[in-house]
Amino acid sequence: MDSAVQACADSPGFASDAILRDLRAGVLFLLRREVREPAQAEDLCNEAFRIAIERQSHLPLADPNRIAAFLAQTVRNLLIADRRKLARRRTVTGEQSAIDRSADVESEPGARLQSQFRAWAVRQVLQEMPHLRDRQLLVRFYLNDEDIADICRDLGLSQAHFRKVVHRARGRFRLLLASRYSRPDLL
Amino acid sequence: MTEKHSGSHEIVDRYLANRLGAKEREMVETRIVQDADFRNEVELTAALRDGLRQLQEQGQVQPLLESRSGMWGRIPIAIAASLLAGAVGLAIFLSDGPRGTSPQPPASEILRFVQTRGGDGVPDRVWRQGSAPIRLALHFDVGLEPAAEYRIVVDRAAGAGQVPVIELRTGPTGAGEVAISVDSALLPPGDYRIRLEPNSPGVVQVPTVYTLRVTD
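Going down the list, the protein sequences come from chains A and B. Counting from 802, one number per residue, gives the positions in the first sequence under the numbering used here. Counting from 19, one number per residue, gives the positions in the second sequence under the numbering used here.
Derived from the structure by calculation, the hints contain no laboratory data. On a predicted model such as this, the values are computed, not experimentally measured, just so you know. Don't take every hint at face value.
[Said to hold, decoys possible] Derived list of chain B stretches under chain A, where covered just means 3 residues or more per stretch with a C-beta under 8 Å from a C-beta of chain A:
1. 31-45
2. 58-68
3. 73-79
4. 217-226
All residues carry an ideal CB built from backbone N, CA and C; glycine is no exception.
Same shape as in the complex, but just chain B (with noise of 0.2 Å):
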C-alpha cells in the first residue's frame, strides 16, 4: 500500500464521517468530480460503511464481535468408520500428484471456487462430465487470510445423507487459494459438498464450505 492511497484512504474515510472542515469538503468534492478513481474508492468505503449499518440493524454485528474460541475451536468430526467403510470410491490424493495405480488423465479444465452470495440452493459450481474422465483442477477462494494447511473432504449428497468421495490435507497457493487435483471420475453426476476446514496454529477460522453440482 503506497503513502499516497493510504492519504486518499484517510480523507476519504474523514468525508464520509463528516470529519472535514468546509475547504477540504469542497476540495474532497471537486475531486469526487473530476476523478473516477477517487469516486470509486469514496463509493467502495461508503458501500462498507452501508453494509457495515445494515448488519448492524439487523441485529448480525455483535455476533461477529464475539470470541471463536468456544464457538469454533472444535472440528466436527465428519464421517464415522462404518460410513466410510461403506462409502463408493473413497480415494486420497496429494496436492502434488495422485498415488494411485493407474495413470493420471492430463488436466484440462480448472474449476474456480469464489465467494458469491448464491445460497438458497444455488451451487456454487455446475460442471457437466464429459464421455471422457479428465483431470479437474479446483481452485478455491479460502478468503481474507488463508491459514497454513486446510483439511478438505469431498461428500456426494445420497439420500439424507452425504457419502465420502476425497479427503485430503494441502495448503495454501502462492496466490492465496487451494487447490486440489481430481480424476473427474470419481465425481459421477450428482451434487458435492466440498469442506475446507483451516488449520492455523493458535488461531481459530472459520471452515469454507462450496457446492458444486456435476450434471451428464
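One chain only, chain A, in its complex shape (with noise of 0.2 Å):
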C-alpha cells in the first residue's frame, strides 16, 4: 500500500486495512475521472490522504465514519488547486486544444484496449436489441442524455418499460465485459 495510505492505517481511530483500500480505490476512482494522468492521479490520492490523516491527528474528526465524505471533500478540493495551478503554468501559445489532444491518455495501449473492447460490447448489446425502438432509447438515454419523460413520450413507452429495458441492457454489457476472458480452453 502506498506510504500515506500505511501512514493512515498507522493512525490510531483511522481505519483497518481493508476499509483503507476500499477507500482509496473510491479516491483513485474519482480523480481518475477529471485527471488525465494516471500517475497524476496517484499523487493527488496519496495528498488526499495525507491531508485525511493530518486532519486526523491534530482534529479528529467527530465521527470517524465521516473519513468518506472528508476524502470526497478534499478530493474536490485538491482538484480546484490542481486545475488553478495548471491555469497559471499554461504558456499561451494560442494552440491549446492541439495541445490538450496530443496528450491523449488513450494514446496509452492499455487504455485504448479497454475503450475498443466496451465499444465492441455496447454494439453488441445494441445488435442483440430486436426492436428499433429499445435501441434508440439505449442511445437517446445514454448517448445523447436525454431526458426520460421526453424519451418514453416519443417512443410511446411507458417509464416501467424504459426502467427494464435499461436495467436488462446493462445486466448484458455487465456480462460482456465480465466474459472478455472467459477463454477456458485457452489458458
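Since each chain comes alone in its own frame, lean on the hints to assemble the complex.
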C-alpha cells in the first residue's frame, strides 16, 4: 500500500487496512474521472490521504464514519487547486486545444484496448436488441443524455418499460465485459 | 429489479450526465468513496456511456438505429441439395434425444459458447477429440433476448467451402441459452461454424455465429 495510505493505517483511530483499501479505490476512481494522467491521479490520491491523516492527528473527526465524506471533499479541493496551478503554468500559445489533444491518455495501449472492448460490448448489446425503439431508447438516454420522460413520450413507452430495457441492457453489458477473459480452452 | 436498485441507477445516471446539484453531487461522491458496490455501478454506467461515445466517433451508432426489416428479413439458404447429397456425416438430432439407431454415448462434456471479442480468426472454443466418442453438450449464449426457436446449422470448413454436418431446430432453455447434444464422432478434427438462426414471430433478430476448432 502507498506510504501515505499506510501511515493512515498506522494512525490510531483511522481505519482498518481493508477499509483503507476500499477508500483508496474510491478516491482514485473520483480522481481518474477528472485527471488525464494516471500518475497524477495517484499523486493526488496520496496527497488526499496525507491531508486526512494530518487532520485526524490534529483535529480528529467527531464521527470516524465521516472519513469518506472528508476524503471526497478533499478530492474536490485538490482538483480545484490542481486546475488553478495548471492554468497559471500554462504558456499561452494559441494552440492549447491541439496540445490537449496530443496528450491523450488513450494513447496508452491498455487504455485504448479497454476503450475498444467497451465499444465492442455496447455494439453487441445493441445488435442483440430486436426492437428498434429499445435501441433508440438506449442511445438517446446514455449518449444524448435526453430526459426519460421525453424519450418515453416520443417512443410511446411506459417508464416501467424504460427501466426494464435499461436494466437488462446493463446486465447484458456487465456480462459481456466479464466474459472478456472467458476462454478456458485457451488458458 | 428492486426499487432500491432502480433509485441507485437513476442517481448514477444523473451524476454522470452532470445533472445533480452541488449537495447531491457531494453525497454521490462520498458514496463512491465508501461503497464499493455503488462505485461498481457508477463504473459500469460510465463504461457503457464511454462505449457509446466510441461507437459514435466511429460512425457505428446510426447503422444500429436503422430498421432491420430490409436487412435481416431473409435468412439465407446455406446449402444446395447437391451439396447435401455429397456431404459427409449429415445427421439430424432432436434436442430431446437422438433419432439414430445406434445408442448414444453418455454426455460427458459441456462446451459453453459465450460472446467474447475473440475475432481475428481465433475460434470461440477449441476442443480436443478423445479416443472414444462422447456426447458433447453444446450450450450457446444467444444474447439479450432469446428467440422463440432457433435453426442450428453446423458446418465444417472444407477447402474453400463449408460442408454441412448437423442441422436441427430447438428453443432456448430456461436459462436463456440454446443447448444441443452432439455425438463427438460427428465432429472429426477441423474447424466448425455453428450458426444459430433465430425465429420469433414478428421480430427480426440477428443470427449468432460461433466457431469451434476440434483438435486431436
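Evaluation of the provided hints:
no.	hint	in the structure
1	31-45	holds (count 4)
2	58-68	holds (count 9)
3	73-79	holds (count 5)
4	217-226	holds (count 5)
Violated hints are absent here; each numbered hint is respected by the structure.
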